[in-house]
Structure formats: structure tokens, C-alpha cells
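Undergrad: Okay, here's what each chain looks like letter by letter:
Protein chains: 2
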Amino acid sequence: MSTSTSTQIHLVSRPTGWPEHSNFSTVAVELADLADGEIRVANEFTSVDPYMRGRMNEAKSYAAPYALNEVMTAGAVGRVIESRAEGFNVGDPVLHQLGWRDIAQAPASNFRVVREIEGLPLSVHLGILGMTGFTAYVGLLEIAGLKSGETVFISGAAGAVGSAAGQIARLKGAKRVIGSAGSAEKVDRLTQKYGYDAAFNYKDGPVRGQLHDAAPSGIDVYFDNVGGEHLEAALDAFNPGGRGALCGAISVYNLTEAALGPRNMSNMVTRGLNLKGFTVGNYAEHYPAFIADMTAWVAQGKIVFDETVVEGLKNSVQALLDLMRGANTGKMVVKL
Amino acid sequence: MSTSTSTQIHLVSRPTGWPEHSNFSTVAVELADLADGEIRVANEFTSVDPYMRGRMNEAKSYAAPYALNEVMTAGAVGRVIESRAEGFNVGDPVLHQLGWRDIAQAPASNFRVVREIEGLPLSVHLGILGMTGFTAYVGLLEIAGLKSGETVFISGAAGAVGSAAGQIARLKGAKRVIGSAGSAEKVDRLTQKYGYDAAFNYKDGPVRGQLHDAAPSGIDVYFDNVGGEHLEAALDAFNPGGRGALCGAISVYNLTEAALGPRNMSNMVTRGLNLKGFTVGNYAEHYPAFIADMTAWVAQGKIVFDETVVEGLKNSVQALLDLMRGANTGKMVVKL
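Each protein sequence line maps, in turn, to chains A and B. Letter 327 of the first sequence, counting from 1, is numbered 327 in the UniProt record's numbering, and no numbers are missing. Letter 94 of the second sequence, counting from 1, is numbered 94 in the UniProt record's numbering, and no numbers are missing.
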């Protein structure tokens, strides 16, 4: 690998429905010499996240859509290999949002030095100690306002966010934590590894009935990663005063027709429900509390996590497609 | 009218779809002599409200459904005609929830003496100074959290709640207030009487397009009385951080099949939207602020209101049917 060439994955056309490999291209960019204030970083891991599908659309009001013929921006961690910026030394581990490329070079303000944790790969800063864990933390505690003694339902519970959210709910005193996932193996993992009280495979039958069986006394909090049928089922299961944190809707991202909406929105009025969508970037004020709590929980073994590691930048697009089909367990990253 | 007989309207069977007259019966109940602590009240006005349709269903989790073969409970105002309770004198105007009957008799704790306002009928305590005005106030200011400078959309804007909500929005500094209604005459009233900046007839074409024309820069707050297509259109019009107060969904109350849900719920996530359903009974702590503000606004002529008055208890059911078809302007009451 030449460190003066940055190999990058660009979005070259906007997908309709499921993305195809032809929507992307691999581009080698020759890097200029470092300017004053810049650093050069060799990435070790790049992040693969469900929200990336949304950014491929030219959607009004969404966090900036990906530009065509530009790199797929995303979280990434690596090490400084050259520095002309104060506070950044060769070898420092850094986190940034410059995305799917092997070498990143930019003004130092784009990077943040992260703490190296013995025995853990740098990828934890993309996952449990990164945006993923922060999303679970903010969604459950700030957006949904989970209180001790409540019953929580989390969809897509074996994913990176869902597996963290279930464990946070348990640590914060939830009475009962219920999760859905898309395979028997994931369902087992929910109850046996992530501390869920009950779990079901949403492919086994209608979500509504399975949720009712798992939560016969109803739910107080819903953490939604899936949307669609899951959201409608949660609206039927909510107790009065229930709150939903809407984090994602992976079931609808690749539909080419409009998704059917929940047919029971009138429950919102009669039960006094609150649904709140969020993207974690708007809740930075909670980051210090998150990082303090989560670092301690991980160090003490109170929160466990999985990673699905795909080798090689060239497999990034396939990794994203696999993620959207649910092939991952826990956080999906590409290792360079 | 004998004051020892209470003529009442009972629900005798639960409607499917639109209620029919046969779902109700008129019953004369002989009253016992007053017990200690009781009062007897001759009602002057009974209330007719959209939420009453929901209570006719045997719905889980809803505020208690109406019992069969019992009176249709609802707000009512009248005057004490006989009293064996301290603090209640013959002639006092009182508000209560004992509903569709001419004479109400019960322990005094069921009644509250209201202030008589010169030049205004007692029915204002059912409308602008009662549950209706309180619903508009709480929904706009507490549930949706309207801030000065924001753009507000109110559906069913010529109804009792909507016409109050639009004027409260203006008094609280909204930049632009937009309303929908179901006739040209109501649309005129919105802009000419209730101070709306723009209004449209939802029967003239798709709500989405008409709302976009009326609010080309999007909306920040939505006050929903209608549900269905209106809610979907609002979800498309919301600016990032938009909030919806879901008060009612009159478009779906009488459907016999499930209403189609909003197909754009994923906007909730991408725009960080918040939808909150409410019933005003859960927000009693805001009542003192409401009654102080609203009494002053009405006295100073800063808020105007309309009533649709139907004569005669026996026309109560027809009044409710007319209300659900939008035949009223402002608050619908039955005058006894």
C-alpha cells in the first residue's frame, strides 16, 4: 500500500431500491504533500451503518445526502502516519468521519484522538464506545426517557444499536426487556448473551401476536430500528403514556414504493403516546455522560458486544448490502 | 318539565361505523329525594364533542368506554335547583360531567361552581373557557411547545378546538398560522374572523399539495384534529425538529376498516420529528394558567369564538352525527 495514494469508494449513481455494485466505484486519489495543520491517517477500520442507505437518496431535509463522485463518508478509525499538526503524533489512534478510504488526509480538526483500551481493537470507537453505543444510550434514556420498572421492546435487537440498547435498559432497571431479530441464532443470542428477558424471530409470524405473547402486560418504551410492521405492532402494545424512540426503519429503506404506514395512529391520542425520531448528532451534550458510563460498563464487563468484521476495503459495498439483509451480528465494520 | 324526573339519553348498543339513532334510547328516571350532601341541577347546555365517538367503542386502554344502558356522559352546565350541600345555593351556575340529561342529581363533589360572565351564555364553560379551549391551549403550548416565530398548521381549524388554537398561536407570536377546513365558508371564516394567515378547503384537492402551497417554507408545529391524509401531509411538510400535537382523528372515527397509516413515518427519524398524542384530562396542572390567560383574552376581545347551538335534548344524537360530518362552526352544544 502506498501511503501517498488514497484508495476510496465513491457513490457514482443513486440507487433505486436495493443498491447495486454499479452504483459505486473505487478510485485512487494521489495525495498532495501535507500542508501545515494537516495529518495523514492510515485507517484500520471503516464503519458500515444502516443510516448510510438514506444518505444515498437525494432527500430533502435529510442530513446532507452523499454527493455523487465523492467518497462515501462514514466513521473510521486509524493511526496517524504523518503529522504537521500540533497534538497529533505518528502512531496516535484517531477517529474521523472521512469514510471509506484507506488513507485519509485533512486538516487536524477533522480528527479526534481516541483512547486505546487494552485488549480491544480500535473498532470499539465505531461501535460500543462510538456512534453506535451513543445512539442506543441517547435513544433509550433521553429520547424515550426510560424509567426503572418499565417494560421495553427493541426491534432489530441483535444489531449493533439494539444489542447495546437492551443491555443499557437492563442496567437502568427495566422490569422486562424484549427483543426481535431475524434468525433463531440471533434470538438465542438476545436471551443468552445480551440479557433480554424474551425474544422472538419476526420471520416466524406476525410481529403483533409475537409481541403480545412476549409482553402480555404491554410495553412502556419502544426502541425502533426496523419501522413498518414492527412500529404498528408497538403502537398496539403500548400502555398509556408509552414512548417510542425512532432510530431507524431498515425494513423500508430499500422499498421502491411507499411503505404502508401504521394503521393505528389513533392510539397516539387515546393512549397519550409519544413518538420521537432522532439522529444522535443533535444530542452531543449527552456525550460526556455516555462515554463515562459506557467506558465503565465495558471495562467492568457489564456490557458485552459483538462485531462482524469484513476484510478489505473492496468488500465495503457487499458489507453494506449484507448489513441491510441482517447478515451481521452486532457492529459491522470493514477491516483494512 | 318535572324536576323530579331526569330524562336521559343512553347508549344501548355499540355502533359499527357511523352511529345510528337506534344505538341510543331516551329514558326517564325518577329521582329520589335529595340525600345529604347532594344537589339537583337543571342543565342549560350539554356538550357534543368528537371524542364521544371513541368512547362508544369497547376499546382497550381508552378512557373508560361508555357503559351500555347508561347515560352518555359529557360536559354540561346548568343551575342548582335544590341543594343539601354546603357551598351550593339554588341558582348557582355549575359545570359537571354527568352528560346528556335534563336534570342531574348527585353528590356535590361531581359539580364545580363556575363564574358567570356578563353577556356570555353558560355554554362558554363547555367551549372556549372549558375543555375545548383548554385542549387548544395545552396542545399548542405544552404538547407541541410552540415557540414565537414558528409556522403552525391546524387541521379541522374551524372547529371548536381549531378556531381557538389558531388564535392562541397568533397571540403567542407564531410567524404564520395555516388552517384547513371542509367548506369555502369555513375557509373564509378562518382568515377573516380567526386570524389565520392562510387556509384551504381539504375537499378541493390533495392536502399535501395545498399545504405545500400555503406553507412553502414548511411547518414547525402541527395541531391534528383530523388524522389520516392530513397527518401524512404534515409529516411531509415538517421542518427538521417539527412537533405534532395529536388531539383527534375525526377522519377515521367512523371507518369500519383500519385507516391507512402515514406512509412517510421515516421522516420522523430523518427530520428528528416528535408526535405526541394527548387527552387534556392528563394535564390538569396547566388549568390555572389556561383559565387566567383565556378569561383575559376573551374579556379583551383578543379571542373570538362561535357556537353551533342545537335546541332540545332529543336532538343530541343528531347533533353528534352533524358534528362528525362537519356541520358545526365552533363549539357544538345542545340547549335544553
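Hints were generated in silico from the structure; no laboratory data involved. Warning: the hint list may mix true and false statements.
[Said to hold, decoys possible] Beyond 12 Å from chain A on every Cβ pair, some chain B residues (computed):
#: 1; residue: Gly91
#: 2; residue: Asp224
#: 3; residue: Glu232
#: 4; residue: Gly242
#: 5; residue: Lys302
#: 6; residue: Thr329
[Stated by the list, open to error] Among the chain A residues that face chain B by a calculated CB cut under 10 Å, a handful are:
#: 7; residue: Leu235
#: 8; residue: Asn264
#: 9; residue: Thr270
Where is the CB? At the ideal position from N, CA and C, for every residue including glycine.
Undergrad: Please go over all the hints and tell whether each is borne out by the structure.
TA: Cross-check of the supplied hints:
No Cβ of chain A approaches the Cβ of Gly91/B within 12 Å, the least distance being about 38 Å, so the stated non-interface status holds. The claim that Asp224/B is not at the interface with chain A is violated, since a C-beta of that chain comes within 12 Å of its own (minimum 8 Å). At roughly 7 Å, the least C-beta separation between Glu232/B and chain A is not larger than 12 Å, which violates its mark as non-interface. Some Cβ of chain A comes within 12 Å of the Cβ of Gly242/B; the nearest lies about 10 Å off, and the non-interface call is violated.
Every CB of chain A lies more than 12 Å from the CB of Lys302/B, the least distance being 29 Å, so the non-interface label holds. Look at Thr329/B: its CB is around 23 Å from the nearest CB on chain A, clear of 12 Å, so calling it non-interface holds up. Checking Leu235/A against chain B: minimum C-beta separation of about 9 Å stays under 10 Å; hint holds. For the restraint placing Asn264/A at the interface with chain B, the shortest Cβ-Cβ distance is roughly 7 Å, inside the 10 Å limit, so the hint holds.
Given the 10 Å rule on beta carbons, the hint for Thr270/A holds: about 4 Å separates it from the nearest Cβ of chain B.
In the structure shown, a violation is registered for the earlier hints numbered 2, 3 and 4, in ascending order.
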